[in-house]
Amino acid sequence: MKRPTDREEEQAWIERYALGKMPPEEMRFFENELVNDPDLTHKMNEIKTLHRVMQEAFLQEQALETLRKLQSRSRIKRRSVTMVRYIGFAAAACVAFMAYLSFSMPRFPDSENDFTVVRSTNKTTMPPAQRQVFDQFFEGQAHIVEGQYVMAVKNFETVLESNDLRPYFKEAAQWHLIVAYLKSGDLSRAEILYKRFDNCLECEYHVSTLNRWKIWWQINVQKLTS
Amino acid sequence: MKHSYTDREIIEALLARREREVNEATEALYNQHHKMITQLICTSGGNRYDADDVFQDLLVAFLHNVWSGQFRLKENAKLSTYLYEIAKNLWYKKIRSRSASTSRELAYMKDYEAQTPDAPDAMQQLIAADEDAWSLKIFRRLGIEAQQLLKAFYFEKLSLKDIAVKLGYPSDNAVKMQKHRTLRDLSNEIRKCKGL
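So the sequences go chain by chain: A and B. Here the first sequence is numbered in this note's numbering, starting from 89 and rising by one per residue. Here the second sequence is numbered in this note's numbering, starting from -18 and rising by one per residue.
The shape of chain B in the complex, shown without the other chains (with noise of 0.2 Å):
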């Protein structure tokens, strides 16, 4: 892997969509932002382990906003100050969910709700509805043995055969129809979520 990868390399590499060039930029964006990311947080009343919490719903918010098409990286903007930005959000978003909150969060949930006077609400409601539409949390959303059974058939290219063994199936037709009504589960798991 390089040592150093520029904006730009990193969004290229997240549009390839192939597992190599995401693990790269995923490596690069770690590399480069999560000490940023971590003083954030730990500046903000969390902890080490809040940030790296933070870094992973970051992560697939930043991938899912730029297969979207609702991240473009413009001229003269600094990714990381996007990422900053919905970090913050994150956070934020994160202490309020708490039933209780430290000192050290509600001054920053105060500060937050300073600096973007009636935003945090309509800011939530955007992350909050943005999360649903999250692929992987769609993906989620099926029971286990499902998702083995997509992840197996379409991402590791298994034939039905070696499915049936591996997850314990009957037979392949037993797979093959088990296939056909987890992706119609999953179709319906897409009609919930809005604009898919």
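Here chain A stands alone, though its shape is the one from the complex (with noise of 0.2 Å):
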């Protein structure tokens, strides 16, 4: 048997000894040279060490891999967990807009304001027609208060059968209308007159957006259940 000359040759057969893959008969002249050779213990030494820190760099290498896999997976869970809560956040708030919309009352701007166009700033001569016009007004709103609808609606069509109306104190005897209509169940007389004030650029008596959709929302929500 001889001992390899080569430096690759003799790298490879120590490498098949220090990872036990001689046969009997080789191992034992192998054994034989490191005795002899304090060179060769040292090669094989040194070829046991690389082998060492690859398996290491190997292992290592495989458990970061793992890691970053397990990492990933916990990033893609924490990510999920805060989708899922800001879903959910989003849709109780969406509800609880569309339970606002549903269930709380239009509130319009105030009509007192303009109590010196309508009622004589001397009350012994204001005429009659126009005291009963103010007196149907405010007394429909008072009606609204106490959800008697029925006789709301009476009250502002009274207000409405006045030709000489201003232009704001008509608009906001309508937009009680539509509410006393909604209220009492004449969902097509509501949407009629909601249509009118749709897209108003001229209108006086501004209603804000939020009580817009309000009444819109009511009249839809009341023909999708009716």
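Since the hints were made in silico from the structure, they are not lab data. Be aware that a few hints might be false.
[Stated by the list, open to error] Here chain B is said to cover these stretches of chain A; the calculated rule only asks that three of the stretch's residues, wherever they fall, bring their Cβ under 8 Å from a Cβ of chain B: (1) 92 to 99; (2) 145 to 153; (3) 156 to 163.
In this text, all values refer to a predicted model and were calculated from it rather than measured experimentally. We put the CB at the ideal spot given by N, CA and C, even for glycine.
Could you use the hints to bring the two separately framed chains together as a complex?
Shown next, in the form of structure tokens:
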């Protein structure tokens, strides 16, 4: 049996011994060489160190790979939980907003600040027709607050029968009448009157967008459920 | 995989030095300790991404310490305490190396230095020297192709012929020659590291 002279061959030869891949006869020869050649012992130790370092590096790399997968999974999970929370919050906010639109009463601007226009500064000089319109309007408002919507409809219809109403006051009465129709179940009239105010650019009585939404929403919800 | 590993089981799995066991121990280490490490980093000026980076370094350092015999599980000693200390050191080292630190990071550095007077520099030198001895760091000093070749031959146990096809060498003899050169380079890198 001969010892390899080529460096590559020698390295492979030592490796075979270090990895236990040598047949018994060759192993005995190798061990005999080890005893006689300290340089071979050194080379073998070096190869053993090489193998240890490589094995550790491979395992560390594998472990890091496993760790990165776990971290990525954990990040995805965390993101999903956050997203579910956001969606849940958004859904709850939507439901709350829809409930608000469905059940809260539309609020209109106060009409009291036009007292001087509708009502004469001196009560005794106010014409009876004008006084009647004024009284009907505020009576209608009171009926809405009390939940007597049919009465409120009558009040506002009476107000709107008057020919010389100021536009601002007329629009206020119409908006109130929409609510009165809506609450008394007269959806078609409520809708027709509501549509008059759709995209109204020259309106004087300004109802906020939120309150317009409330009316629009309640008309449509009632249409769907009835 | 088991749901919960004891500290001893984790160490034994790592000492087996087999892929499956090491991966399972890694999973156990992560599942059982990542919240603690994340909390440490997040309360010391870092964020979750920093915590992930620190955990990766912590894992390699811990594997190195277990395999080199620097870490031995003692009676009544908790693995979590040991990991916590390494993570603290690694995080300290990381924020020290940053060119710009946030006020929270600076506060952590002050606290750390106050807790271990005169130690930070010595500790950092120790970690830095140790880090150079991590097998993975030594291995990564080789070029990518060299790493792939050794991995294919020694880890995936592919034949020289298969490696030639996989990595685009003209023949299996060329693979053999390259493997010999690469091992020599790796040997030189190892020699540069003291204590190996």
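Here is how each hint holds up against the structure:
{"no.": "1", "hint": "92 to 99", "in the structure": "holds (count 3)"}
{"no.": "2", "hint": "145 to 153", "in the structure": "holds (count 8)"}
{"no.": "3", "hint": "156 to 163", "in the structure": "holds (count 5)"}
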